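Visitor: The primary structure of each chain is shown beneath.
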Amino acid sequence: MILLYIILIPVIGALLSWLVSARSVTLCRWIALASLLLDLVIVTGIWLDQGDGGKGWLYNWQAPWIPQFGITLHLAMDGLSLVMLVLTFFLGALSVLVSWNEIRWRAGFFHFNLLFVITGIAGVFLTMDLFLFYFFWEVMLIPMYFLIGIWGHERREYAAYKFFIFTQAGGLLMLLAILGLYFVHAANTGVYTFNYFDLLHTPMARSLSQWLMLGFLIAFVVKLPAVPFHTWLPDAHTEAPTAGSVILAGLLLKTGAYGILRFVLPLFPAAAQDFAPWAMLLGVAGILYGGQLAYAQPDFKRLVAYTSVSHMGFVLLGAFAFNEVAYQGVVMQMITHGISTGALFMLAGVLYERIHTRELSRMGGLWPVLPAMGTVTMIFVMASLGLPGLGNFIAEFLILVGSWQANRPLTVLAAIGLVIATIYSLRIMQKVFFGQTERQFGLPDLNTREWVMLAPLVLVIIWLGVYPKPVLKMLNTARGTLNAARGTLHVAEAPDNTKRMQPSAFSVEPNQ
Amino acid sequence: MTFDDLLSLGPLFNICGGAVIAMLLVAIWRNHRLVYYFTLLVYILALASVVPVAKLLPHIIAPLVVVDMFALFNSGAIVGSGLIIVLLSYNYFEEREERKEEYYLLLLLATAGALVLVISRHFMSLFLGLEMLSISLYGLIAYLRARQRSDEAGIKYLILAALSSAFLLFGMALVYGFTGHMDFPGIGAYLQQAGSVPLPVVAGFGLMLIGIGFKLGIVPFHMWAPDIYEGAPLPVAAFVATISKGGVLVVLIRFFQDVNGTQYTMLWWILAITAVASMFVGNWLALTQQNIKRMLAYSSIAHLGYLLVAFLAGKQSGLEAIAFYLVAYFPTSIGAFGVLIVMSSSVQDAETAEDYRGLFWRYPWVALAFTVMLLSLAGIPLTAGFIGKFYIVLAGADGNHWFLLLMLVINSVIGLYYYIRIVAMMFRTTETPQRTFIKPALPLAGNITLGLVVLLLVGLGVYPSAMMQLIQQMMTLIR
Chain A
1 MILLYIILIP VIGALLSWLV SARSVTLCRW IALASLLLDL VIVTGIWLDQ
51 GDGGKGWLYN WQAPWIPQFG ITLHLAMDGL SLVMLVLTFF LGALSVLVSW
101 NEIRWRAGFF HFNLLFVITG IAGVFLTMDL FLFYFFWEVM LIPMYFLIGI
151 WGHERREYAA YKFFIFTQAG GLLMLLAILG LYFVHAANTG VYTFNYFDLL
201 HTPMARSLSQ WLMLGFLIAF VVKLPAVPFH TWLPDAHTEA PTAGSVILAG
251 LLLKTGAYGI LRFVLPLFPA AAQDFAPWAM LLGVAGILYG GQLAYAQPDF
301 KRLVAYTSVS HMGFVLLGAF AFNEVAYQGV VMQMITHGIS TGALFMLAGV
351 LYERIHTREL SRMGGLWPVL PAMGTVTMIF VMASLGLPGL GNFIAEFLIL
401 VGSWQANRPL TVLAAIGLVI ATIYSLRIMQ KVFFGQTERQ FGLPDLNTRE
451 WVMLAPLVLV IIWLGVYPKP VLKMLNTARG TLNAARGTLH VAEAPDNTKR
501 MQPSAFSVEP NQ
Chain B
513 MTFDDLLSLG PLFNICGGAV IAMLLVAIWR NHRLVYYFTL LVYILALASV
563 VPVAKLLPHI IAPLVVVDMF ALFNSGAIVG SGLIIVLLSY NYFEEREERK
613 EEYYLLLLLA TAGALVLVIS RHFMSLFLGL EMLSISLYGL IAYLRARQRS
663 DEAGIKYLIL AALSSAFLLF GMALVYGFTG HMDFPGIGAY LQQAGSVPLP
713 VVAGFGLMLI GIGFKLGIVP FHMWAPDIYE GAPLPVAAFV ATISKGGVLV
763 VLIRFFQDVN GTQYTMLWWI LAITAVASMF VGNWLALTQQ NIKRMLAYSS
813 IAHLGYLLVA FLAGKQSGLE AIAFYLVAYF PTSIGAFGVL IVMSSSVQDA
863 ETAEDYRGLF WRYPWVALAF TVMLLSLAGI PLTAGFIGKF YIVLAGADGN
913 HWFLLLMLVI NSVIGLYYYI RIVAMMFRTT ETPQRTFIKP ALPLAGNITL
963 GLVVLLLVGL GVYPSAMMQL IQQMMTLIR
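Going down the list, the protein sequences come from chains A and B. Just so we're aligned, residue 1 is where the first sequence starts under my numbering, counting upward by one. Just so we're aligned, residue 513 is where the second sequence starts under my numbering, counting upward by one.
Note that these hints are calculated values from the structure, not bench results. All values reported here derive from a predicted model rather than from experimental measurement. Heads up, the beta-carbon is just placed ideally off N, CA and C, and yes, glycines get one too. Treat the hints loosely; a few may be bogus.
[To be verified] Sample of chain B residues facing chain A (criterion: CB under 8 Å; computed from the structure):
id: 1; residue: W780
id: 2; residue: A784
id: 3; residue: V905
id: 4; residue: V921
id: 5; residue: S924
id: 6; residue: I932
id: 7; residue: A936
id: 8; residue: T941
id: 9; residue: M979
id: 10; residue: M980
id: 11; residue: Q981
id: 12; residue: Q984
id: 13; residue: M986
id: 14; residue: L989
Could you put together the complete structure from these sequences and hints?
Guide: Okay, structure coming up:
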């Protein structure tokens with residue numbers, strides 16, 4: 001039941017905050033914040049409760065929904081879901097804080113949409129019924145569309161459209177694939193069900209499984225986004241309000257990565273392996289191309305948006321490397337990218353509130369005026385370029401170690417991406433905080449609210465960089481749940497891969 | 513005729529009797545409110561009379577009609593939709609200067625026509641129902657005579673409907689001439705026996721398909737739809753979009769089943785091509801429409817294409833999908849027209865997208881209702897339209913028609929664009945509209961009806977299993 005409450009709390013918060021906004025906007029903000037913090041407390045409590053986290057599935061809850069089709073309200077939580085949920089509510093609460101002053105117009109409806117997006121995301125991370133998964137996948141869309149389309153910047157409507165149509169098209173292909181799987185399973189066993197666990201070991205022809213896997217994969221790489229499908233991202237990220245950008249970059253992209261880990265790899269292990277070189281190639285293309293484009297952007301938010309394309313390339317690379325190290329790196333990357341990019345978008349928003357521009361060419365020389373903000377930005381820029389000691393380094397290192405065992409040439413190319421990351425990241429610092437300034441700015445530095453949002457981010461990114469053990473330990477519990485299907489097939493179909501399944505000498509795993 | 517016969521035709525008799533009494537009422541005392549309440553009562557009684565029929569099923573009154581679960585379910589859907597249309601009609605006509613009372617009379621007659629269609633198993637009853645429907649619609653479409661486009665729409669529909677009836681009749685004559693049967697099962701039995709289909713019968717089927725295609729408004733017989741929707745009074749447009757098309761679709765399904773249509777791959781391919789063409793043409797032409805009525809017209813062409821996909825699946829699940837889709841589509845479509853009705857002033861209908869600019873900030877509840885309808889048309893979760901579309905995709909996947917499904921998916925994405933465009937328009941923030949035909953105060957009855965429709969749509973979207981259970985019980989055709 002607790003899983004249902006986790007999903008229902010933001011829904012209730014959404015309705016309440018909309019209702020009270022007519023009377024008091026401040027109260028509406030507090031309600032939104034409180035509901036997300038409550039959820040954050042719940043999931044953190046679960047985490048602390050687990051301690052070692054010995055079991056595979058922490059919680060499991062099921063109720064019939066549309067029995068005619070074998071659709072159930074099936075929610076379950078393992079280590080991966082838990083980690084993602086903590087991130088979700090953490091960034092969610094921060095995005096309420098970040099819009100405290102930015103959103104004054106129709107704040108009630110804004111918070112309604114914000115909380116509804118978070119509901120959808122939480123649902124995606126928790127559901128174990130494929131129909132329900134598609135349902136939540138779509139539920140994320142409409143409120144996000146409104147967030148971009150109503151409270152965004154100049155070209156908001158165009159961006160909102162593009163975002164909506166891209167993701168919806170991917171989603172519909174996924175629906176076809178889900179239905180294909182549903183009928184294949186029914187043809188084999190006579191049982192019509194959308195239950196993830198029942199569908200896991202569906203035997204099917206190789207070619208069919210390849211088609212179905214592609215259906216899922218397209219939806220996820222559109223969301224991720226991987227290179228040919230990434231064009232919605234810079235527009236959406238740039239035009240969205242700060243909170244929208246934080247949620248998009250920090251959480252929405254992660255649903256794509258999560259989908260690959262949770263659905264594509266376990267459901268279609270063989271087909272995924274066939275496709276792995278191409279997926280890794282797409283990932284590397286994203287790393288290099290995204291990085292190159294990021295360097296060329298004149299707009300702060302657009303630059304950060306393209307860095308997401310680059311960083312998400314690592315996720316794709318690692319996810320299809322098929323080994324434990326890379327998998328841990330992928331999840332770390334999901335978390336650290338959420339935090340570092342979320343923070344950079346927040347900083348862009350904070351800066352925009354002060355100087356009302358996102359043009360890098362109109363900034364410069366801000367360090368003397370805004371030393372505190374400069375320091376914080378420096379930390380996240382360093383995180384973004386993968387400086388050891390900060391979370392992103394661990395993530396990218398693990399991914400590269402993992403993918404080295406799977407595909408060496410591509411790993412070498414991906415490593416070049418780190419150099420590009422250094423170049424574009426340092427460009428942010430140079431353009432914004434160093435160099436000559438044309439005019440004298442007299443600007444207020446970070447205020448209390450901004451410190452409250454940025455300080456936890458700084459602490460978390462450093463914590464993840466120097467002591468990632470708790471997260472990795474929690475992910476270990478998810479290994480059983482994710483790899484049960486994968487491992488056996490590895491042995492069966494690619495004997496030489498069994499060696500890769502062993503944790504390598506580089507592994508940072510604690511419990512081996 | 514036995515008592516059971518009478519009872520099994522309960523909904524039809526209620527509506528027909530209501531039409532007669534309504535006519536007398538108008539003759540004795542012309543009063544809009546009186547006729548309105550009377551019509552409402554008739555629809556409610558007709559809806560109630562659906563229930564006792566269930567015990568008698570299946571009931572054949574040879575040779576003309578058959579009342580089975582399938583027919584009864586669709587009768588219920590038709591009467592229910594009629595009820596919503598009547599509820600929305602009062603304010604719309606009250607504000608207009610023409611004589612209002614005959615509208616209800618014609619509406620009752622048209623509904624009766626649709627009810628005859630869903631129970632017909634014979635060419636005679638088919639044609640009778642179709643003509644009752646069409647002739648009432650001639651009057652209904654041109655009802656607001658003083659409007660510019662009303663006459664145009666009326667004449668257009670008159671000519672095209674008459675033409676399509678002629679095609680249909682000619683087709684029927686050919687089929688009858690060579691098979692010697694006018695009842696569907698008889699034709700089916702004859703074809704079964706003959707082994708092959710004689711050429712004139714093929715031609716007859718083709719001509720009939722043209723006639724039916726016109727009524728359904730599927731490509732390439734769709735040209736009339738936008739002009740009719742634009743010129744007709746809004747409640748009538750809602751009627752044409754839902755009940756009229758639904759009734760014809762039901763008769764098509766029954767005919768197809770009785771003559772074992774699934775055996776003829778040729779026929780299947782023709783319908784498949786029609787379905788794909790309807791989806792593409794409908795959605796494509798809707799893309800650039802500024803006029804919401806025309807957009808809804810084109811989108812209804814596309815929706816017929818979706819329905820044909822389920823129809824072509826040919827399985828039991830396809831039948832259920834059609835039933836569910838109709839149950840979802842009827843209120844959605846009527847609701848969308850209902851929003852237009854509620855927002856229209858007596859001067860002109862609020863029909864351009866521009867009229868709805870920033871509506872959310874002025875009339876949040878109406879705008880939300882409209883958003884729900886549009887999202888339901890687009891097939892977004894939490895609405896009935898999503899479950900309906902899902903059901904269709906499920907049926908198509910069941911029948912292994914992946915190509916048709918791919919087309920459906922592509923079209924859903926195209927469709928999304930123009931529905932979302934209107935939603936975006938309602939949530940626009942900056943400018944206020946230049947000119948608007950939106951009136952300052954909204955009618956209460958219309959708002960309540962819209963609220964109920966929204967509840968129905970969201971209810972079906974969140975908890976569809978009760979309706980599905982009903983449909984699974986009801987979707988049994990008999991021969």
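Visitor: Report holds or violated for the interface hint on T941 of chain B, using the least CB-CB distance to chain A and a cut-off of 8 Å.
Guide: holds, 6 Å
Visitor: Next item in the hint list is L989 of chain B. Is there a CB on chain A closer than 8 Å to its CB?
Guide: violated, 20 Å
Visitor: Just to be careful: measuring from the Cβ of A784 of chain B to every Cβ in chain A, is the smallest value less than 8 Å?
Guide: violated, 18 Å
Visitor: Regarding the hint that V905 of chain B lies at the interface with chain A, is the smallest CB-CB distance below 8 Å?
Guide: Holds. Min distance 6 Å.
Visitor: Verify the interface restraint on M979 of chain B: the C-beta must sit less than 8 Å from at least one C-beta of chain A.
Guide: violated, 10 Å
Visitor: Does I932 of chain B pass the interface check with chain A, least Cβ-Cβ distance below 8 Å?
Guide: holds, 6 Å
Visitor: At a threshold of 8 Å, is the proposed contact between Q984 of chain B and chain A supported by beta-carbon distances?
Guide: holds, 7 Å
Visitor: Let me know if the C-beta of Q981 of chain B comes in closer than 8 Å to any C-beta of chain A, holds or violated.
Guide: holds, 7 Å
Visitor: For the restraint on A936 of chain B, tell me whether the closest CB of chain A is nearer than 8 Å.
Guide: Status holds, d = 6 Å.
Visitor: With chain A as the partner, please determine if M986 of chain B meets the hint condition of a C-beta pair closer than 8 Å.
Guide: violated, 13 Å
Visitor: Is the shortest C-beta separation between W780 of chain B and chain A less than 8 Å?
Guide: Cβ of W780 of chain B sits 20 Å from chain A, so the hint is violated.
Visitor: Mind checking the CB of M980 of chain B against every CB in chain A and telling me if the closest is under 8 Å?
Guide: holds, 5 Å
The structure fails hints 1, 2, 9, 13, 14 (numbered hints given earlier, in ascending order).
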